[in-house]
Amino acid sequence: MSFNWTELPAELHLAVLDHLDVESLLPFSTVSKDSRSLAVPRIFRTVTIRSFDGLQAFLSTVPVSYGRFIHELDVCTTGSILPCQNTTEPLASSSGSGAAGSPRTDALIDLLSRTPRLQRLTLRLSEGLHPKIAPSFETLDDLISLKIENCDDEEKAPLSESTVTAVALAVPKLEELSLTRITRTMHPDEYASSYTSSYDLFPAILDEQATSTHRLPALLTIPTLRHLAIHDTHLGDPLFTSPDLTTTSKLEHLELGAYTHASPEQNAEWHGHLLERAGPHLTHLTLGAGIPPLPTGALHLPKLFSARLTSSVSPLLIPSTLGSLAQASAPLQIHTLDMECLAIDFEDVVDELAMYMDSAPEEGCTFVDVRVHIAECEESDEVPMDVDVPRELDDENSRRLRGLEDACVRAGARVTVVGATASLGVVPTAPSRPIEVATDEFVVVKLASI
528 MSFNWTELPA ELHLAVLDHL DVESLLPFST VSKDSRSLAV PRIFRTVTIR SFDGLQAFLS
588 TVPVSYGRFI HELDVCTTGS ILPCQNTTEP LASSSGSGAA GSPRTDALID LLSRTPRLQR
648 LTLRLSEGLH PKIAPSFETL DDLISLKIEN CDDEEKAPLS ESTVTAVALA VPKLEELSLT
708 RITRTMHPDE YASSYTSSYD LFPAILDEQA TSTHRLPALL TIPTLRHLAI HDTHLGDPLF
768 TSPDLTTTSK LEHLELGAYT HASPEQNAEW HGHLLERAGP HLTHLTLGAG IPPLPTGALH
828 LPKLFSARLT SSVSPLLIPS TLGSLAQASA PLQIHTLDME CLAIDFEDVV DELAMYMDSA
888 PEEGCTFVDV RVHIAECEES DEVPMDVDVP RELDDENSRR LRGLEDACVR AGARVTVVGA
948 TASLGVVPTA PSRPIEVATD EFVVVKLASI
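One gets the numbering used here by counting positions in the sequence shown from 1 and adding 527 to each.
Treat the hints with caution; some may be incorrect.
Unchecked claim - Pairs of lysine-lysine, PhoX-like flavour, derived with a Cα cap of 25 Å:
no. : residue 1 : residue 2
1   : 777       : 830
2   : 674       : 700
3   : 674       : 777
4   : 777       : 700
5   : 700       : 830
It is worth saying that the hints were derived from the structure and are not from the lab. Computed from a predicted structure; not experimentally measured.
Start from the sequences, fold in the hints, and give me the full structure.
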């Protein structure tokens with residue numbers, strides 16, 4: 528039995544389209560006007576633009592009316608522009624707002640004006656961003672997720688903190704925000720003050736009109752914000768510790784990556800300050816620098832369910848970090864602790880973790896499941912690291928892992944070790960199996976991901 532496609536009800540048309548990928552939708556859209564009207568909204572629902580040239584081509588060839596179909600948008604502005612145009616966008620709020628000097632920003636403004644139903648936006652930016660773009664976000668009522676990343680070296684082409692913060696504050700219902708490689712915007716007097724002179728100098732944009740309104744601590748005043756991730760960004764703003772900062776966000780997920788131009792101790796100090804302001808609603812936490820010992824009661828995280836320490840956390844900061852988190856969540860337990868480490872740090876990480884477990888209070892460990900992830904080389908602290916196929920452990924590392932297992936058993940926690948390198952692998956004290964080797968409380972997994 529055959530059917531005429533045009534005679535089928537609209538419900539069946541939509542059901543069929545739900546089973547087609549984009550590559551199949553493209554030829555389908557050429558069959559008829561009706562098929563085109565059905566396919567186009569799905570084709571343009573998720574759009575990725577990989578360069579500034581691609582952005583210009585999109586704006587010049589795609590009908591403006593198609594923008595209303597875009598729900599997810601990933602835009603990159605890397606690439607060359609015409610020689611007659613400036614290559615770098617004006618940075619500070621005091622910069623001129625002429626359109627001729629900011630071609631990348633102008634193109635983004637044009638694009639955003641066409642996407643009123645946008646829900647998720649990723650901006651991978653090159654050569655900075657002009658502050659005049661902020662008002663373009665005020666009308667994006669459906670936008671809930673925003674990711675902004677500077678693709679350049681911030682010393683050569685910084686992405687202004689004040690511009691990025693102004694953009695985030697302009698989004699009416701922002702729930703998820705991720706920032707990578709954002710550069711401090713400071714008044715020249717502040718940059719030269721005793722606060723910054725006690726540290727190594729870091730890249731900054733000096734702006735005589737800089738105020739506290741559009742600085743990173745202001746992100747904690749966004750009432751709808753639930754997920755916040757900040758990577759490779761200076762977090763030493765003293766406003767994070769100021770009583771003048773009133774936090775109104777109810778963060779549930781927080782990710783803090785280490786800043787390249789700061790020492791492990793500086794990063795840890797800044798992360799501790801930000802955690803103190805994160806609020807009691809936090810359930811998931813990722814740290815790329817650990818936190819130093821904090822005064823009793825400084826942290827209050829009663830709902831914390833999982834914590835992840837990336838491989839950039841100094842092993843020496845493991846005890847203070849775990850101790851502060853345990854104290855902040857007491858009397859409740861933190862269900863999952865993910866510890867990532869490089870093979871070169873394996874011994875130090877296991878030793879520090881074992882010593883912490885040995886010092887756990889008699890009433891039980893704060894952490895239920897402890898997972899140690901080992902990898903050959905360092906990856907971004909934005910995503911969990913991949914692992915390698917494990918190989919034989921030497922006798923010393925076998926004893927070290929067994930000591931960690933015993934410490935966790937005494938503390939009432941379950942420990943799992945995931946991944947290995949050429950010198951690390953399956954614990955030889957258990958029978959070898961192709962996928963994993965395990966005892967009652969200790970597991971070494973062949974391949975796994977967080």
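Checklist entry - Under the criterion that the straight-line Cα-Cα distance not exceed 25 Å, is the pair residue 777, residue 700 satisfied? => result Roughly 13 Å separates the two Cα atoms, so the pair holds.
Next on the checklist: With the threshold set at 25 Å, check whether the alpha-carbon distance from residue 674 to residue 777 stays at or below it.
Outcome noted: Given pair residue 674, residue 777 holds - Cα atoms ~19 Å apart, limit 25 Å.
Next on the checklist: Check the hint pairing residue 700 with residue 830 against an upper bound of 25 Å on the C-alpha distance.
Outcome noted: Holds: residue 700 and residue 830 sit about 24 Å apart, inside 25 Å.
Checklist entry - CA of residue 674 to CA of residue 700, is that 25 Å or under? => result Since the Cα atoms of residue 674 and residue 700 sit roughly 14 Å apart, the hinted pair holds (cutoff 25 Å).
Checklist entry - Does the structure keep residue 777 and residue 830 at a Cα separation of 25 Å or less? => result Holds, at roughly 12 Å.
Taken one by one, the earlier hints all hold for this structure without exception.
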